[in-house]
Every structure is written in structure tokens, then in C-alpha cells.
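*Asks:* Here is what each chain is made of, one letter per residue.
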Amino acid sequence: MNLFWLYLLMSVLTYASRRAFLQMPDHWLSPRMRNGLSFIPVGIFAALIFPSLFASEQQWVFQPVPLVASAVCLLVMAFSKNVFLSFGVSLGLVVLVTAGIL
Amino acid sequence: MNRTQSSLSLFRVGFWDALPITASYILFGAIFGMMALQTGLTSWESVAMSIFVYSGAAQFSAISMLADNAGMWAILITTVLLNTRHFLMGLSLSPYYQRFSFGQVTGLAFYMTDEQYAVTLNRFRHYPSQLPYILGVSLSLHAAWVFGTWIGTVAGQWIPDPASLGLGFSFTAMFLALAYYQLTSWLRILTFILCGALAVYLSLLLPNGLHLLIAGLVAFGVGYLLPDQKATAPPHSDDAAAKGVESA
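Note that the protein sequences, when read in sequence, are chains A and B.
According to our numbering, the first sequence holds residues 1 to 102 in order.
According to our numbering, the second sequence holds residues 1001 to 1248 in order.
To be clear, the hints were calculated from the coordinates, so they are not data collected in a lab.
Be aware that one or more of the hints could be misleading.
[Unchecked claim] Partial list, computed: chain A residues near chain B (C-beta under 8 Å):
no.	residue
1	M10
2	N35
3	I40
4	P66
5	V68
[To be verified] Computed footprint of chain B on chain A; a stretch qualifies when at least three of its residues, placed anywhere within it, have a C-beta under 8 Å from a C-beta of chain B:
no.	region
6	1 to 9
7	17 to 29
8	47 to 61
9	74 to 84
Just so we're clear, the structure is a prediction, and the values are computed from it rather than from any experiment.
Backbone N, C-alpha and C define an ideal beta-carbon position, used for all residues, glycine too.
All chains, full assembly: derive it from the sequences and hints.
*Replies:* Listed below in C-alpha cells is the structure:
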């Protein structure tokens, strides 16, 4: 396989998908449309988070440690409003449990 | 001069905000580099893929398919499917990119990964979209991905398996922390849970990536059809720009 063409076409396809709707004409962005757009991150974040907790290799999985760590992450966010702290505490919890320290 | 300092300062804020993800990018880039080498790519071929394609999901799929002797068109179709989520992500960023020129948007589009999207979107909740900030996040993440890939090709045998250390949770942790700011009303929380459940179900059935597109479309439909008083609108004031980042 010619890697030059593979890389070129993969790059073009990836870039085109990113560029396509990144700057819509102003008149398309009605208040209702903006409200709809503001909800997209909610769906995208949900689709990034939930499958990583409940699915693996197209199988349903139950993973107590990441679930508890996720709850801890949200709790720390609720109290501290600090992304780095929430990230660090929840990831640290998973690492310590995985390493057998906790 | 002040403008230059301000731009530099915003660039630094972007760099620092992206730092936890930068570390993860180096590690996962290294895993990619190691796997690419095992597939038969040379060090430079692996690094070139990370420089020009710059899409973790597409790259991991591609080397896995290359190892299975898949054809070029199969790899390209998989790339398209994995990238469908970018259409919606770009659409949701569109209001924040209105202030940029065509050329700037065309350049920034290259860097729109899931993580760059998450970090910059969080910033836009309270601050206007600023080019230096976006560049600070984007360039550090891209550099980390390329550097990680190179590290993986030269020192792959010493790279620990992230799963065995529990580091696979790093992206989930960051997405969760950033998603928290999106959950500003009961409607949004319910949409989050609904889309999450739907995404889990679809991820068991559909090729990788499509569940993101469908979950994003469902969320858009909810937001479009049901008015939400707490919807986020892009801030138009530049006043907040110099205050620095809130938390990420």
C-alpha cells in the first residue's frame, strides 16, 4: 500500500470533517439554533464518557473502580469547581487502586 | 507591545489549561508509536502520520487495519465513520468562531480533537474566544501527540501499558470534569443521562464513532425543540479575557 496516498487521504478526510461546519453564516444562527447547538456538547460529552465506563470491545462491562472515581470527580467538581483538582483526585484514586496501594 | 504581551499571556493560559491532557497525549502517542512500529511502519512513517493525520481514533484504527492487511479504501471508510462526530463538534463551536477570519478558522480546524474541543469549549463559557488561547491549547496538544509518537518508536519497550496503571481513565476524568459545567439545568442533566445511555447501547452495535454523532444529534434536537433558559451563549465582551482562566 502506498502510505503517501493513505496519509494524504486520511488527512484530507479528517480535516474536511473538522472544517465543514466550523464557521456557519451568521443568519443561520437563530436563538433557537444557538440553543440547539449549546446542547451538542452535552451529547458529545455523554457519548465520550458513558461508553468508556460501561462498554468495552462491544461488550457491556461493570467497572466499580472507574464508577466510584467518576462519582468522586463530580463531587470534587461540585465543591471545588476546580477541573485540575477533580481530574487529579479521581485519576489518582484509579491509579492507586489499580496499583494495589488502596 | 501590550497586545503582544496579552497574546503571549493567553497562549500561556491555553498551554497550562491543556497540561493534564498534554501529559496523557504523550503517553498515548507513545503507545501509538510503539504499535505503529510493531505494524511495520518506520519511525518516520509513524511520526508523519501523527503530524499530518492527527486523529488518535483514526490512527489507531488504521495501524490495526494495516496489521490485518486491510485495503486502503476500508481504512478510509473507517476514517470517515470515526470522523463524523467532528461535523457536530464543529457546528457547536461555530458561534464562537464567528469572530475569526476565514483563514484563521481554516487553520484552527486542523487542531479540533475531542480534547481540544473540550478544553476550549470550557473556556468559552465565560471568556470570549481568543485565537492565542486556542493556539496555546492546540499547539501543545499536537506537539505532545507527535513527541509521544516519536518517543514510542524509539523507546517503546520501556513504555508502561496505560491500562495496567489505570491511566486509561485519564480522558474520562477530564471529560467528566469539563462536562460538569455543561450540566446547568435539569433538562441538560436529563439529556446527558439519556445520551449517555443511548451512546452505551449504540457503541455495542455500531462501528466506532457513530454513537457520538447520534448522541450529539439527539442532544441538539432536545435543545432545539425545548427552550432552556440557562442555555450557554458565547460571551461577546473582551473584558474577561485578561483575567485568566477560571479552572481549566
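*Asks:* For every hint, state whether the structure bears it out.
*Replies:* Cross-check of the supplied hints:
| no. | hint | in the structure |
| --- | --- | --- |
| 1 | M10 | holds, 5 Å |
| 2 | N35 | holds, 5 Å |
| 3 | I40 | holds, 4 Å |
| 4 | P66 | holds, 5 Å |
| 5 | V68 | violated, 11 Å |
| 6 | 1 to 9 | holds (count 8) |
| 7 | 17 to 29 | holds (count 10) |
| 8 | 47 to 61 | holds (count 12) |
| 9 | 74 to 84 | holds (count 7) |
Comparing the model with each earlier hint shows a violation of hint 5 alone; every other hint is respected.
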